[in-house]
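Q: Residue numbers (the working numbering), protein chains in the order written: chain A, 39 to 429; chain C, 5 to 95.
Derived from the structure by calculation, the hints contain no laboratory data.
From the three backbone atoms N, C-alpha and C, an ideal C-beta is built for every residue, glycine too.
Hints should not be assumed to be uniformly reliable.
To be verified - Sample of chain A residues facing chain C (criterion: CB under 7 Å; computed from the structure):
#1 Q56
#2 L61
#3 A62
#4 Q110
#5 F112
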Amino acid sequence: MRADTAGQPRRTAALTEQFKAGLAAPICLTWELTYACNLACVHCLSASGRRDPRELSTAECMRVVDELERMQVFYANIGGGEPTLRPDFWDLLDYSVAHHVGIKFSTNGVRLDKRAAQRLARTGYVDVQISIDGATAEVNDAVRGIGSFAMARRAMDALAEAGFGEFKISIVVTRHNVSQLDAFKQIADEYGARLRVTRLRPSGRAADCWDDLHPTAAQQRLLYDWLCARPDVLTGDSFFHLSAFGSPLPGLNLCGAGRVVCLIDPVGDVYACPFVLHEQFRAGNVRQPGGFARVWRESELLRRLREPASAGACASCGQFDACQGGCMAAKFFTGLPLDGPDPECVLGHGQPELASTCLPDRPRPSAGHSRTGRAAPVLIPADRIATRAAT
Amino acid sequence: MHHVAFDLFRAYRLSPAVSLRAEPFGALAYHFGTRRLSLVKSPELVTVLRLLDSHDSAAGALDAAGVPIRQRARYAVALAALADSEVIGAR
Chain A
39 MRADTAGQPR
49 RTAALTEQFK
59 AGLAAPICLT
69 WELTYACNLA
79 CVHCLSASGR
89 RDPRELSTAE
99 CMRVVDELER
109 MQVFYANIGG
119 GEPTLRPDFW
129 DLLDYSVAHH
139 VGIKFSTNGV
149 RLDKRAAQRL
159 ARTGYVDVQI
169 SIDGATAEVN
179 DAVRGIGSFA
189 MARRAMDALA
199 EAGFGEFKIS
209 IVVTRHNVSQ
219 LDAFKQIADE
229 YGARLRVTRL
239 RPSGRAADCW
249 DDLHPTAAQQ
259 RLLYDWLCAR
269 PDVLTGDSFF
279 HLSAFGSPLP
289 GLNLCGAGRV
299 VCLIDPVGDV
309 YACPFVLHEQ
319 FRAGNVRQPG
329 GFARVWRESE
339 LLRRLREPAS
349 AGACASCGQF
359 DACQGGCMAA
369 KFFTGLPLDG
379 PDPECVLGHG
389 QPELASTCLP
399 DRPRPSAGHS
409 RTGRAAPVLI
419 PADRIATRAA
429 T
Chain C
5 MHHVAFDLFR
15 AYRLSPAVSL
25 RAEPFGALAY
35 HFGTRRLSLV
45 KSPELVTVLR
55 LLDSHDSAAG
65 ALDAAGVPIR
75 QRARYAVALA
85 ALADSEVIGA
95 R
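Hey, can you work out the whole structure from these sequences and the hints?
A: What follows is the structure in structure tokens.
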């Protein structure tokens, strides 16, 4: 979250403490509408593919929107799976906007044809985010599947042609695309779009490829410098572990899980954040009496996350104030202690622990909906990837 | 951060496009037009915002909220920032 601040009587540090203690409602609510997806990205954080028969019905989704309106959750980040595959997606979008819950949705572009783009251009209070993970079809399709780059570009063309205005292009930074940052920015600039880059977490299917895909230490430094020079690039506050390099990146610079962030998954389960789909971080279900509001306010798990946390092994590190120990999900799914360094700690403090955990010993993400019997995209070696953007 | 001149003796109002959500530290102000989220960092400032519309000047709202005159300058800075992000506007 990047917010303006007004009313400076108190120091920012005091405000950070307030955020740590939790808010009356989330600021950044992610709501995944379906596990169904036309793609099978190797790093899908929700391990999506097949629809879950228990997914919330249209009426149930509308009740959740009603609740979000009452709680003054100003907008929801809609994802999946591929949310536009739900036949009621457009109705839910209209319903939500009419109830003062703005929609920011992520899509791979599969349903974003000219007609849909025109419809979106007419709807107020909707943000669209198109996901790509390479600035070229070669790099993108290796992770997201053959044809997915062309599909995303078609959707971007449709939005531009419909006069939608500024949409977002969203990238998960990997070892293979970090060298394309300038090319991504160029694509965004060409469309008048906003670039958003976020961190790869070892969640969902990414648990199995994180070791090969997460940026190297040298690439993290490059990424930090690149972001510092481009404050107009959005990050979803996901790179706060990089703040230990020096001056903090814009944003909250703390783990928002259960404090300002949470996830509602397609079956109504509420998790502390979008990257911890594991029963240990499941706070409740919106179908329970009291609904989402009660889960947010009363869940023991969320309350625990709002209590002051021990810095643990990081207590003696001079940079703890900058990085706050990093990302809970990254630690959890790499088998690291939650009160210790991030596996990608820029000072290398996560390395010894990371080297001692091997993949089979790490916690397995739950709620997998991957399709079987389908060829997964093939990873290509970094040295074979062209870094020039497609023109 | 640039500072806009803020005239305490003009009439202001909370933007009709803004929704205030009470929080332990004060409030979150969300502008549905600009889609920007602002933090209102004290409950006293929230009270002032809610009083703006019913007073002929920002100073009047500050008085009604019980803000001592010696603190006015500090509040003027906060109000200027909120005016800058269109949370409040002159009427």
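Q: If a hint holds in the structure, say so; if it doesn't, say that too.
A: Verification of the supplied hints:
1. Q56: holds, 4 Å
2. L61: holds, 5 Å
3. A62: OK, holds: A62(A) within 7 Å of chain C, min 5 Å.
4. Q110: With a minimum Cβ separation of about 4 Å from chain C (threshold 7 Å), the hint on Q110(A) holds.
5. F112: Status holds, d = 4 Å.
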